[in-house]
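Chemist: If you want the building blocks of each chain, they are given just below.
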Amino acid sequence: MSATFVGMPAFPDAARSALADSQLRGNLAHATSTIRGKRAQVVGEVSEWEELRLAGAAIKDNTLHHLDEHLLRLERSLTERGATVHWARDAAEACAIVAGIAQQHGVDEVVKVKSMATQEIELNEFLAEQGIAAWETDLAELIVQLGDDLPSHILVPAIHRNRAEIREIFRAKMPGAPDDLTDNPADLAAAARLHLRQKFLSARMAVSGANFAVADTGTLMVVESEGNGRMCLTLPDILVSVVGIEKVVPSWDDLDVFLQLLPRSSTGERMNPYTSTWTGVTPGDGPQEMHVVLLDNGRTRALADEVGRQALRCIRCSACLNVCPVYERTGGHAYGSVYPGPIGAILNPLLRGVGHDKQLDSLPYASSLCGACFEACPVRIDFPEVLVHLRSKVVDAHRGRAERGVRCTLRAERPVRLGRAPKPEAVAMKAASWALRDAGRLGRLERLAGAAGRLLARVLRRSAPGGRRVLGSLPGPGARWTTARDVPAPPTESFREWWQREGGRS
Amino acid sequence: MRAALLVTCINDAVFPDTGKAVVRLLSRLGVDVEFPSGQTCCAQPMVNTGYLDEAVPVVRSFVDAFAGYDAIVAPSGSCAGSVRHQHGIVARRSDDAALAAAVAETSARVYELSEFLVDVLGVDDVGAYFPHAVTYHPTCHSLRMLDVGDRPMRLLRAVRGLRLTELPAAEECCGFGGTFAVKNADTSVAMGADKVRHVRETGAEVLVAGDNSCLMHIGGMLSRQRSGVRVLHLAEVLASTEGR
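Here the protein sequences come in this chain order: A and B. In terms of the numbering used here, the first sequence is residues 2 to 507. In terms of the numbering used here, the second sequence is residues 15 to 258.
Because the hints were derived from the structure by calculation, they are not lab data. Here the structure is a predicted model, which means the values were calculated and not measured. If a hint is listed, it holds; no wrong ones were tucked in.
Over 10 Å on every C-beta distance to chain B, these chain A residues come out as not near it, computed from the model:
(1) Val7
(2) Glu46
(3) Leu53
(4) Leu65
(5) Glu76
(6) Ser78
(7) Arg90
(8) Ala93
(9) Ala190
(10) Ser203
(11) Ser277
(12) Thr280
(13) Asp286
(14) Asp358
Taking beta-carbon pairs under 7 Å as the criterion, some of the chain A residues facing chain B (in silico):
(15) Ala16
(16) Arg392
(17) Ser393
(18) Glu447
(19) Ala465
All C-beta atoms, glycine included, are put in the ideal place defined by N, C-alpha and C.
Whole structure, please, built from the sequences with the hints as guidance.
Modeler: Below, the structure is given as structure tokens:
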């Protein structure tokens, strides 16, 4: 239980270590390309896919616009059906509520349904401190937990592991794992089943999240592939569900859209194998005590961001991770959060704010803005737009100004100002802004570059195919370009000069 | 039709041959393109790095330079995309309604080169001759921001002498990403390495794309690896008559 994301280095440094791990890159390239192919096939089958995406985005946006009303309605419906509703402002409150319920019942072990919300609040770690063991029952989460590892993917948290590594983890850490365990997936799954079966039968309390919470009826829903979630949701006496407040949908009708979007985007299946729903307590059947912890933990902060709030549409499908060329090469750990990939690059700064933590501030820059994530997102989160917006918030936070929100108060701060200790980047951008606001200034700089180009043309020996002279190394920050890339020498004459000389005639 | 060349700052300062090729190509097709001398940059480097205040005066100079043209033609999907999708954001930041109105006016008139050729001029065959083995990389912003679709391929297929080979995983980003290329240099290079590997697998002599920024990155690696593969902007291929 010592593994933690706390204290992770900023993305570029974390990525560098990950990139050096060729086993990791091999595992990821194989896994993501497999899921990408499956997704592309089943999405391609749906002729109205774009309409479904629009509908999914619209339902989420409408719900978020009236989130307070829907949450109160959800609370009423849940309470009427015999569930107890708790409100948690942050991770600490949510963890304390769950631990309190366990302690009230003298429970020292719980079984867990795979849940991002409980990963986000680090519930397992908190429960362990209270002497309560939390057993992950999702196969991939179990691999991560037994390996004292960190999740690196939302859907497939152990995506960075191959089956040989999984066998070693099971043999070393899973009580009762046979000595002659092979790395055959069926054998690995069978060993996990034996291990988990004892947990299901002995645990009196289960902890879950929820994919959706229906306000009309007070119904919670979990979609999964393995059926282990359903065991947790039906066998124990006590069920506690930690649900992010953005998971609420107004009615069952809305699920029609999401149950088409989610499995195709997520596992690349037409339908997920297990869809479990539960509506309060049913006497004599299933858990007889139900609690729902409605979790904020930064969601209202994200909601207040006019551009960023679209990230709260996310249904945790992972399609953005699987298509992301950055994620495919660095893996999930480099993002320093249970939410990695493109969604992590926007969600973490939105939930936790920017300007106070180097690691968080590095995340919006962990993208080439290629837009593959936007294209794949089933709820049409415009990732490039949000990433660029968050970059401006990072920069603004370091100008020493408050986060932009109320525009009228910022008019007085309009002139471009730098913080007390400007970064070289800020100086460069200010200089570029000065040079590029006036064609005369740019023209003079280009003439200087042209002089350098004429000089270099005599000195440089190397040229690229086609004859263009190239430089193999640059000084200063330019060195980061030339570690693996040549750079073309400046031309002897800019286009502007050519145009003036030729009078615009070729 | 008054058409302006938005040459883009990178082509102006680093790849002037691309600008000259656009002038030559359009002139051959009967369009005497003008070069508004007040132009500098679309401000994308500032916007994408988060420096919106710094982008405001640059966008202001952009709309001043390009006011009054019927069409603004850019040999860059990325810069055309930036004008269409980001100038509005910068104008909102400025709180200047006049700038916002000017931005809406100019943005709607900006065309990436292949869009201008196929949609406005209505041509696929621009009368080019380029007898080389070529592969084509569709840059992310032309593909996913502008949705230029198969326009560049239609133009290339009509070039006489040109042998076009399909690039594996063509739609995957090359890893350039503007300041991403230096802020996250290791990841950028890892992405570029895969792109370069795919380019070399095709056996093409020339890699063509519609953005010199991406080509500077991919070409920089091809050159470092002494691959012998040349990179060339789409405009230069389409302008080429190679002595004919």
